[in-house]
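The listed protein sequences derive, respectively, from chains A and B. Count along the first sequence from 1, add 325, and you get the number used in this note's numbering. Count along the second sequence from 1, add 72, and you get the number used in this note's numbering.
Don't read these hints as lab results, they were simulated from the structure. Values in this document were obtained by computation on a predicted structure and should not be read as measured data. Note that beta-carbon positions come from the ideal geometry of N, C-alpha and C, so glycine has one too. Heads up, some of the hints might be wrong.
Said to hold, decoys possible - Beyond 12 Å from chain B on every Cβ pair, some chain A residues (computed):
1. F345
2. I350
3. N368
4. T379
5. P381
6. E387
7. H394
8. V408
9. I419
10. K460
11. L494
What the hints assert, rightly or not - The calculated SDA-like cross-link candidates involving lysine to any residue, where the alpha carbons are at most 20 Å apart (straight line), are:
12. A:K342 with B:L100
13. B:K296 with B:I163
14. A:K429 with B:R84
15. A:K460 with B:K296
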Amino acid sequence: MTPVTKRRTDFSRDWTKHLFILFFILIELFPLYMMFQVSFKDNATFIRQPWLPTNPLTWHWENWSFAFHLILPYIANTVFVAVTGTVCSLFLAILGAYFFARHKLPGSRLLWAAFLALMLMPGVVNITPLFMLLKSLKLLNTLWALVLVGIAGGQVFSIFVLRNFIEDLPRDLFEAAEMDGASHLQQVFNVVIPMSGPIIGTLAILSFLGMWNDFLLPLIVLRDKELFTLGVGLIYLDGEYVKQWGQIMAAYFVASIPLIVVFLFTMRLFVRGLSAGAIKG
Amino acid sequence: MAAPLSRQKLLREWKLYLFVVPSLVMVLVFAYFPAASAVYHSFFEWAGGDTKQLIGLDNFRRAFHDQVLLDSFLTVSVLIVFNLFKMLPSILLAVLIHRLKSDRWQYVYRVLLVVPMIVPGLVTLFIWKFFFDPNLGVLNGILDFTGLKGVLVSVDHFFHWGIFYANVPIGWLSQPELILPSLFLWGFPWIGAVGVLIFLAGLQSIGQDVYEAAELDGIGPIGKFIYIELPLILTQVRLMLVLLIVATLGGYGLQLQLLNEYGGPGGRGMVPGLWMYNRAFYAGEFGYACAIGMILFLFILVLTFVNNRYVRIEK
Chain A
326 MTPVTKRRTD FSRDWTKHLF ILFFILIELF PLYMMFQVSF KDNATFIRQP WLPTNPLTWH
386 WENWSFAFHL ILPYIANTVF VAVTGTVCSL FLAILGAYFF ARHKLPGSRL LWAAFLALML
446 MPGVVNITPL FMLLKSLKLL NTLWALVLVG IAGGQVFSIF VLRNFIEDLP RDLFEAAEMD
506 GASHLQQVFN VVIPMSGPII GTLAILSFLG MWNDFLLPLI VLRDKELFTL GVGLIYLDGE
566 YVKQWGQIMA AYFVASIPLI VVFLFTMRLF VRGLSAGAIK G
Chain B
73 MAAPLSRQKL LREWKLYLFV VPSLVMVLVF AYFPAASAVY HSFFEWAGGD TKQLIGLDNF
133 RRAFHDQVLL DSFLTVSVLI VFNLFKMLPS ILLAVLIHRL KSDRWQYVYR VLLVVPMIVP
193 GLVTLFIWKF FFDPNLGVLN GILDFTGLKG VLVSVDHFFH WGIFYANVPI GWLSQPELIL
253 PSLFLWGFPW IGAVGVLIFL AGLQSIGQDV YEAAELDGIG PIGKFIYIEL PLILTQVRLM
313 LVLLIVATLG GYGLQLQLLN EYGGPGGRGM VPGLWMYNRA FYAGEFGYAC AIGMILFLFI
373 LVLTFVNNRY VRIEK
């Protein structure tokens with residue numbers, strides 16, 4: 326039996342399952358379809374024909390140019406927050422995890438307990454005093470507030486995962502590096518980081534997604550329109566009185582584009598990382 | 073575990089402490105300090121400024137008689153039950169995908185599942201808000217188109233609910249009685265990509281030979297689920313359960329954006345987290361908000377402990 330015919334028989338034997346799965350996935354993708362096709366309509370067209378796409382020749386591209394002008398500054402702000410936050414957060418977490426994984430210095434158990442206890446503490450409950458803290462640090466209405474809180478919020482989980490990972494790395498590697506006179510920082514850069522690429526990638530994606538999607542903190546921290554991140558920008562767009570659905574949907578689409586790009590480049594990490602991270606957790 | 077270090081080694085390795093200091097400082101300033109501040113300020117009447125007045129347990133006494141807060145705990149319990157139910161499609165889908173014989177298709181479906189994740193969560197939320205729109209919304213459109221609206225109206229007529237009328241568009245987010253049903257419907261068919269991938273990871277340890285053996289013994293599809301698949305994903309189900317309950321109990325972003333800061337018409341969608349947010353940022357009662365946060369925190373803490381003690385699943 327050639328591979329092609331084998332695949333075909335697999336499909337025909339499992340067709341009921343395929344049907345079920347496709348049904349679920351199609352409904353799951355339906356909002357994306359609506360977002361896409363409505364983004365090319367003005368309100369009148371949309372009311373006449375809400376379901377099907379219109380003729381591409383009559384598409385309202387001005388919805389998209391409106392969306393780009395509106396959303397691009399928000400995207401720039403969000404990229405700044407999410408990228409700076411993710412890079413700093415992971416770098417600190419790697420250093421912290423190295424401390425816990427490599428040597429049991431006096432007090433490390435106590436510090437470990439201090440980190441783990443935070444896992445029990447739900448972040449949302451802290452939002453009131455966090456706001457007052459940012460206010461007294463004069464960080465209100467700055468993007469740095471979001472970066473700093475993002476870095477702090479990512480520490481516990483990342484250190485937890487990375488510590489287990491670093492402990493599983495072969496001891497000989499570290500000993501060989503020590504023989505060569507490598508300092509701890511050099512060991513982090515030359516042993517830990519090259520050896521833990523995939524796990525760092527997965528943690529980076531999770532942290533990036535978390536900061537990208539956050540809107541509760543930006544909503545109370547940011548006041549100036551120039552500083553808005555995507556979340557706050559979209560909320561203000563939603564609050565407009567007269568709604569041009571085509572423009573709004575185009576804006577939603579533009580807001581998703583950066584993640585589409587990230588997704589294209591890291592699809593394997595996305596799919597595999599999420600599954601693998603789940604087993605550890 | 074490494075043996076306790078000698079004095080000499082400690083003197084040589086002290087620099088290593090510097091590695092943990094940055095993380096520690098961040099966590100102390102942005103997690104421990106606010107938490108301590110929340111505990112401290114829950115005993116004060118505090119409008120967020122420099123003046124505050126120690127009022128002892130008054131905030132907590134007020135909380136126990138605050139009808140909005142008491143109702144909000146009821147609402148959040150209902151939402152937790154909803155969300156437990158909403159886990160089922162993800163489990164079903166994971167099992168279906170896992171049972172496919174072709175690895176290639178399994179991968180294709182995994183990728184398709186992750187695709188909706190590229191849309192920011194907030195956008196998904198707003199698209200659903202748009203679906204719920206009474207005049208233009210997709211939901212009413214589908215109900216009209218399929219004739220389900222007529223069924224709803226006649227059921228309403230039979231039970232005298234007074235919610236659905238033949239010629240009036242259904243206001244999913246504007247009729248108080250429909251707020252909870254809307255919060256249930258939201259996100260249909262409730263496939264969480266992360267959840268499905270986590271369950272799939274758990275199922276991965278079942279080889280095809282196990283299925284073949286089960287088929288020889290004449291075990292049907294449902295039997296396979298109960299005897300083979302469910303036991304293997306119990307750990308993952310439990311993990312998702314805990315994450316879900318904690319997230320629902322403390323969450324309020326959904327209610328804030330789908331409804332408003334008062335939990336929608338009649339406050340039917342008010343949850344404790346939203347009431348805390350409302351008191352702090354709309355009423356300026358920061359002290360009281362801290363007290364609500366404390367109560368919420370205690371609930372979550374107790375649930376986590378109960379879970380760790382009694383819901384542990386033997387591997």
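These are the hints, each one checked on the structure:
1. F345: violated, 6 Å
2. I350: violated, 5 Å
3. N368: violated, 9 Å
4. T379: holds, 16 Å
5. P381: holds, 22 Å
6. E387: Holds, since 20 Å exceeds 12 Å.
7. H394: For H394 (chain A), whose nearest Cβ neighbour in chain B is about 18 Å away, the distance exceeds 12 Å, so it holds.
8. V408: holds, 16 Å
9. I419: The assertion about I419 (chain A) is violated, with a minimum of 9 Å to chain B.
10. K460: Incorrect as stated: the minimum Cβ-Cβ distance to chain B is 8 Å, not above 12 Å.
11. L494: holds, 15 Å
12. A:K342 with B:L100: Violated, at roughly 51 Å.
13. B:K296 with B:I163: Roughly 14 Å between the alpha carbons, so the hint for K296 (chain B) and I163 (chain B) holds.
14. A:K429 with B:R84: Within the cut-off at roughly 13 Å; holds.
15. A:K460 with B:K296: Distance ~57 Å between K460 (chain A) and K296 (chain B) Cα, so the pair is violated.
Checked against the numbered hints listed earlier, the structure breaks hints 1, 2, 3, 9, 10, 12, 15; every other hint is satisfied.
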